[in-house]
Amino acid sequence: MENFTPYLSLAGGLIIGISATILLTGGRIAGISGILGGLVPPVVSDLGWRVLFVLGLIGGAVLFPISGGDISYININPYNWSDNEHYIAMIIGGLLVGLGTNIGAGCTSGHGICGLGRLSARSLVATITFMVVAVITVFIIRTFLGA
Amino acid sequence: MNKVIALVSGILFGYGLALSGMLSPSKVVGFLDLTGNWDPSLAFVMGGGLMVTVIAFHFLLKRPHPLFGDKFYLPTRKDIDKRLVIGSALFGLGWAIGGLCPGPALSSLAYASPKIAVFCVAMVVGIFIGKKVFPASAS
Chain A
150 MENFTPYLSL AGGLIIGISA TILLTGGRIA GISGILGGLV PPVVSDLGWR
200 VLFVLGLIGG AVLFPISGGD ISYININPYN WSDNEHYIAM IIGGLLVGLG
250 TNIGAGCTSG HGICGLGRLS ARSLVATITF MVVAVITVFI IRTFLGA
Chain B
8 MNKVIALVSG ILFGYGLALS GMLSPSKVVG FLDLTGNWDP SLAFVMGGGL
58 MVTVIAFHFL LKRPHPLFGD KFYLPTRKDI DKRLVIGSAL FGLGWAIGGL
108 CPGPALSSLA YASPKIAVFC VAMVVGIFIG KKVFPASAS
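Line by line, the protein sequences give chains A and B. Letter by letter, the first sequence follows residues 150 to 296 of the numbering used here. Letter by letter, the second sequence follows residues 8 to 146 of the numbering used here.
Keep in mind that the hints were calculated from the coordinates and are not lab data. Mixed in with the good hints there might be a few duds.
[Said to hold, decoys possible] What follows is a set of in silico ranges between Cβ atoms, one per label pair, in the way DEER data are often shown:
#	chain 1	residue 1	chain 2	residue 2	range
1	A	187	B	93	16 to 24 Å
2	A	190	B	65	30 to 38 Å
3	B	43	A	190	39 to 47 Å
4	A	190	B	84	34 to 42 Å
5	B	58	A	281	17 to 25 Å
6	A	237	B	84	28 to 36 Å
7	A	224	B	68	33 to 41 Å
8	B	87	A	191	21 to 29 Å
9	B	62	A	294	35 to 43 Å
10	B	143	A	285	21 to 29 Å
11	B	140	A	194	19 to 27 Å
12	B	70	A	187	21 to 29 Å
[Stated by the list, open to error] Derived list of chain A stretches under chain B, where covered just means 3 residues or more per stretch with a C-beta under 8 Å from a C-beta of chain B:
#	segment
13	176-187
14	196-205
15	230-240
Even glycine gets a Cβ: it sits at the ideal position worked out from N, Cα and C.
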């Protein structure tokens, strides 16, 4: 557990919760897959706020190191795959995340933070499902495919 | 929808993700790796988020309309159907393979990594396929 960061992660989680609360004061749920989904053709009519939210999402990550935050912890290749393998994994992973969140109507933020925050039974089922499948998948990759 | 609210909320969300550790796929996979060198940090992200939303949403949603908007745009469905479970399972599979869920994937575009960009393009294609090939019934 040498990488355990309970305080930073808790602080980050509180900020994410505050962000979702602010968005709900405007009537909207902070489900990232849903917000992005509205920008994918066929697009919905209310593009402006979605574009601004996504730009803010990127801007917040830009501000983090500027404000003294440490981004050296970021390692995007957890299984130590070769470059080619990793590109293929990112394509497959991205496709599944996009397709799955579209069909399942949400992701970690929409179901996990906002849906559970509304005490939604659907979101509880969704969250348990993606957590369990992800744990099993990591086990299989670690055991048979990766480092 | 108030555009200032959306921008401020987005910036806070991106900053929170970076602070929490969610922008590192290796940390995400470390959290999912229960039988390996388990890193429970990300449970604290969800815990922190829920500590705020469970309480704040309770009071906000009691109102007939939002503080700064005409109406709430909330999911209306209550039933647990196959789409929900199959979609969530596919998402869990992709999340474990790439170590990225939609928020961190978009937010990480800030650090200009080509692999992140490839993931995001694939994610958009996946959403497009979902909309075109598996459209939700109008219920």
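For each hint, the structure was consulted:
{"no.": "1", "hint": "A:187 - B:93: 16 to 24 Å", "result": "holds (22 Å)"}
{"no.": "2", "hint": "A:190 - B:65: 30 to 38 Å", "result": "holds (36 Å)"}
{"no.": "3", "hint": "B:43 - A:190: 39 to 47 Å", "result": "holds (40 Å)"}
{"no.": "4", "hint": "A:190 - B:84: 34 to 42 Å", "result": "violated (24 Å)"}
{"no.": "5", "hint": "B:58 - A:281: 17 to 25 Å", "result": "holds (23 Å)"}
{"no.": "6", "hint": "A:237 - B:84: 28 to 36 Å", "result": "holds (35 Å)"}
{"no.": "7", "hint": "A:224 - B:68: 33 to 41 Å", "result": "holds (38 Å)"}
{"no.": "8", "hint": "B:87 - A:191: 21 to 29 Å", "result": "holds (27 Å)"}
{"no.": "9", "hint": "B:62 - A:294: 35 to 43 Å", "result": "holds (42 Å)"}
{"no.": "10", "hint": "B:143 - A:285: 21 to 29 Å", "result": "holds (27 Å)"}
{"no.": "11", "hint": "B:140 - A:194: 19 to 27 Å", "result": "holds (23 Å)"}
{"no.": "12", "hint": "B:70 - A:187: 21 to 29 Å", "result": "holds (24 Å)"}
{"no.": "13", "hint": "176-187", "result": "holds (count 8)"}
{"no.": "14", "hint": "196-205", "result": "holds (count 8)"}
{"no.": "15", "hint": "230-240", "result": "holds (count 5)"}
Checked against the numbered hints above, the structure breaks only hint 4 and satisfies the rest.
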